[in-house]
Amino acid sequence: MVQSDQLPEAVPYEPHVGESRPYMRDIILGVNDGLVSIFLLVAGVVGGGLGRDDILLATIAGAIAGAISMAAGEYLATRSQEEVFDREIALEQTHIAHHRNAEVDQLYAMFLDMGVADEDLEAVVSAFSKDDEVLLNSMKVLEFGIIDAERRSPYTAMWLSGLLFLAGSLPSVLPFLFTDSTSLGLTLAAILTATGLFAVGAVKTIVTNTNPVKSGLENLVIAGIGGVLAFFIGRLVDGVIV
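Here the sequence shown is numbered in this note's numbering, starting from 1 and rising by one per residue.
Be careful, since some hints might not be right.
[Unchecked claim] With a straight-line cut-off of 20 Å between C-alpha atoms, the simulated SDA-like cross-links for lysine to any residue are:
1) 130 to 107
2) 140 to 156
3) 214 to 152
4) 130 to 150
5) 130 to 89
6) 140 to 107
7) 140 to 127
8) 130 to 111
9) 130 to 96
10) 140 to 91
11) 214 to 200
12) 204 to 23
13) 214 to 191
14) 204 to 142
15) 140 to 113
16) 140 to 203
17) 140 to 155
18) 140 to 150
19) 204 to 22
20) 130 to 152
21) 140 to 88
22) 140 to 108
23) 204 to 194
24) 130 to 163
25) 140 to 159
26) 140 to 97
27) 214 to 233
28) 214 to 28
29) 140 to 92
30) 140 to 214
31) 214 to 231
32) 214 to 195
The hints are simulated quantities; they were obtained by calculation from the structure and are not laboratory data.
With these hints in hand, go ahead and build the complete structure from the sequences.
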């Protein structure tokens with residue numbers, strides 16, 4: 001008999017992410033895009049020599065326009081993808097109704113590719129094709145990779161990405177509400193944006209279970225490079241125009 005102190009340590013049960021999983025892309029993309037793109041706008045216009053009021057107007061307009069664009073783009077992209085899925089499912093229903101044997105043959109081929117063979121293959125295919133609904137659900141997952149729990153609402157994707165873009169723009173907009181100094185405003189925007197980027201990268205690891213420091217620094221470095229480029233491009237354009 002195995003002694004109790006020799007038993008392997010039990011791995012605690014860890015629940016899945018849940019219903020928010022299909023929208024992680026919208027969450028990360030929305031807030032990251034707001035943080036990065038509006039800070040790049042600020043860096044560019046400050047580098048271009050604009051005054052505080054012009055910078056504030058540009059950033060607020062950019063934040064609103066960016067949020068609308070992000071929301072509209074996510075709605076259209078998600079709706080288009082879901083329409084493609086619906087079309088494939090409808091076509092598969094037609095195939096099952098009129099070419100059922102061909103669909104069952106596809107099941108045989110797919111399970112063979114997975115390593116199922118002989119008596120197990122017959123049993124598995126028989127179970128997965130026992131009626132039209134089961135066969136359709138099987139083909140949705142195996143042939144097209146369509147999982148109902150992973151499908152996305154265009155409306156949820158739209159408001160998530162739009163609102164989070166606005167939230168991400170705040171670190172670049174707020175400093176210019178409280179200071180007339182463009183250099184101080186840019187410095188504060190850089191600090192707040194850097195903090196936000198690192199936080200987003202780190203918080204993301206709660207779901208991805210990766211290194212929070214590495215993820216935060218990755219976000220930070222990418223945006224930092226973009227900010228430096230935008231600032232000097234603004235200076236260059238200002239020099240050329242003036």
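Pair hint outcome, residue 204 versus residue 22 [Cα-Cα no greater than 20 Å]: holds (14 Å)
Pair hint outcome, residue 130 versus residue 152 [Cα-Cα no greater than 20 Å]: Roughly 29 Å between the alpha carbons, so the hint for residue 130 and residue 152 is violated.
Pairwise hint evaluation, residue 96 against residue 130, where the allowed Cα distance is 20 Å at most: holds (12 Å)
Holds or violated: residue 204 to residue 194, with C-alpha atoms at most 20 Å apart: holds (15 Å)
Hint consistency between residue 140 and residue 214 [alpha-carbon to alpha-carbon, up to 20 Å]: violated (37 Å)
Hint consistency between residue 140 and residue 155 [alpha-carbon to alpha-carbon, up to 20 Å]: Roughly 23 Å between the alpha carbons, so the hint for residue 140 and residue 155 is violated.
Pair hint outcome, residue 140 versus residue 113 [Cα-Cα no greater than 20 Å]: Holds, at about 17 Å.
Restraint check for residue 130 with residue 107, where alpha carbons must lie at most 20 Å apart: Holds. Residue 130 to residue 107 sits at ~12 Å (cutoff 20 Å).
Given hint residue 203 paired with residue 140 - CA-CA distance at most 20 Å: violated (33 Å)
Restraint status (C-alpha distance of residue 214 to residue 231 at most 20 Å): violated (26 Å)
Pairwise hint evaluation, residue 142 against residue 204, where the allowed Cα distance is 20 Å at most: Not OK: residue 204 and residue 142 at ~29 Å, beyond 20 Å, violated.
Residue 130 paired with residue 150 [C-alpha distance capped at 20 Å]: violated (25 Å)
Going through the hint list in order, the structure does not satisfy hints 2, 3, 4, 14, 16, 17, 20, 24, 25, 27, 30 and 31.
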